[in-house]
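Q: Each residue of the sequence shown is one higher than the last, beginning at 4 in this note's numbering.
Quick caveat, the hints were computed from the structure, so don't treat them as lab data.
Think of the CB as a built atom: it goes at the ideal place given N, C-alpha and C, for glycine as much as any other residue.
Do not rely on the hints blindly, as some may be mistaken.
What the hints assert, rightly or not - FRET-style restraints, in silico, Cβ to Cβ:
hint, residue 1, residue 2, range
1, Arg278, Pro80, 19 to 29 Å
2, Ala255, Arg278, 32 to 42 Å
3, Pro80, Glu276, 21 to 31 Å
4, Ala90, Leu26, 17 to 27 Å
5, Arg145, Ala256, 30 to 40 Å
6, Ala255, Asn140, 44 to 54 Å
7, Thr206, Val119, 31 to 41 Å
8, Arg145, Glu249, 23 to 33 Å
9, His207, Ser271, 21 to 31 Å
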Amino acid sequence: MSRIRLFESQGLSEAERLTGLRLEMVTPLIRHGRWRRSVPHVESLPVVIWMQRGQGRITILGRTRGFQPLTAICIPPGTPFAIEPGAMTEGTLLRLPALFEAPLPDAPRILRLSDVSTQAELSGLIDRLGRHGDLSNPAEGRGALGRIILVSALIERVASAQPPTPLPRAAALAARFTRRVEDRLGSGATLEDIGADLGVTPTHLTRTLRGTAGMTAAAYMQARLMHEARRRLADKDDTAATIATELGYSSAAYFSRAFRRETGHTPSAFRAEARRVAQT
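Working from the sequences, and respecting the hints, build out all of it.
A: What follows is the structure, given as structure tokens:
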């Protein structure tokens, strides 16, 4: 477990301490931008996902697992994950502030909340965080900080009652693989390079990922790379040529062909649509 840093910097305002705080709905009804969560990606800040209703699947570190209603999912910073909500899924993804360092589990956890009062407590805290007022107002900011600390305390309490189980061998290799993919993202590393880093053959990695995540290792690498390309096109102003270079493609033309084959759009068309949707 990490420590709380929220009150280390006395010179920061409440709003500054809450930098990075974000809440978003987890639902199959999202029409635009589903790629942001349905494809393997990482967050630089801690994430708690509270699934109140419905079932679905989540892939964390290359291992796909189902989730049930009333499940809290904790994802440490830099951990690749993807969410596949079911038809009736209703949940909330809470991205915690940059100065928040738990206590949250240091490893990914999927926690079932069986106690009704605990379920109501977490739902209430997240609901109030989603309806906070102006965080530059000291009282509103302190209220949000307090609720975040209460969320962390609740998660720690639930996690301590559900000790983690050792990863199966295949899942452990999948985790090593996905972390190595993150380390070498944009370097132009091939599946053979990743396998050499891990001391296993590409065939073994492919067999492992097919068993743990339902996709080949090469497909995972391509999906992760394309998510990063989409993110940069949607959220940044870098040219396609710059993105191609930074993601390890040999040329902008090759990147554009690969992007269109994966998404059905050219990089420029995808960016224009993403910007249009963001303004609506």
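Q: Taking the hints in turn, state whether each one holds.
A: Each hint, compared with the structure:
no.	hint	in the structure
1	Arg278 to Pro80: 19 to 29 Å	27 Å, holds
2	Ala255 to Arg278: 32 to 42 Å	20 Å, violated
3	Pro80 to Glu276: 21 to 31 Å	29 Å, holds
4	Ala90 to Leu26: 17 to 27 Å	22 Å, holds
5	Arg145 to Ala256: 30 to 40 Å	53 Å, violated
6	Ala255 to Asn140: 44 to 54 Å	47 Å, holds
7	Thr206 to Val119: 31 to 41 Å	49 Å, violated
8	Arg145 to Glu249: 23 to 33 Å	40 Å, violated
9	His207 to Ser271: 21 to 31 Å	39 Å, violated
Of the numbered hints given earlier, the model fails hints 2, 5, 7, 8 and 9; all others are met.
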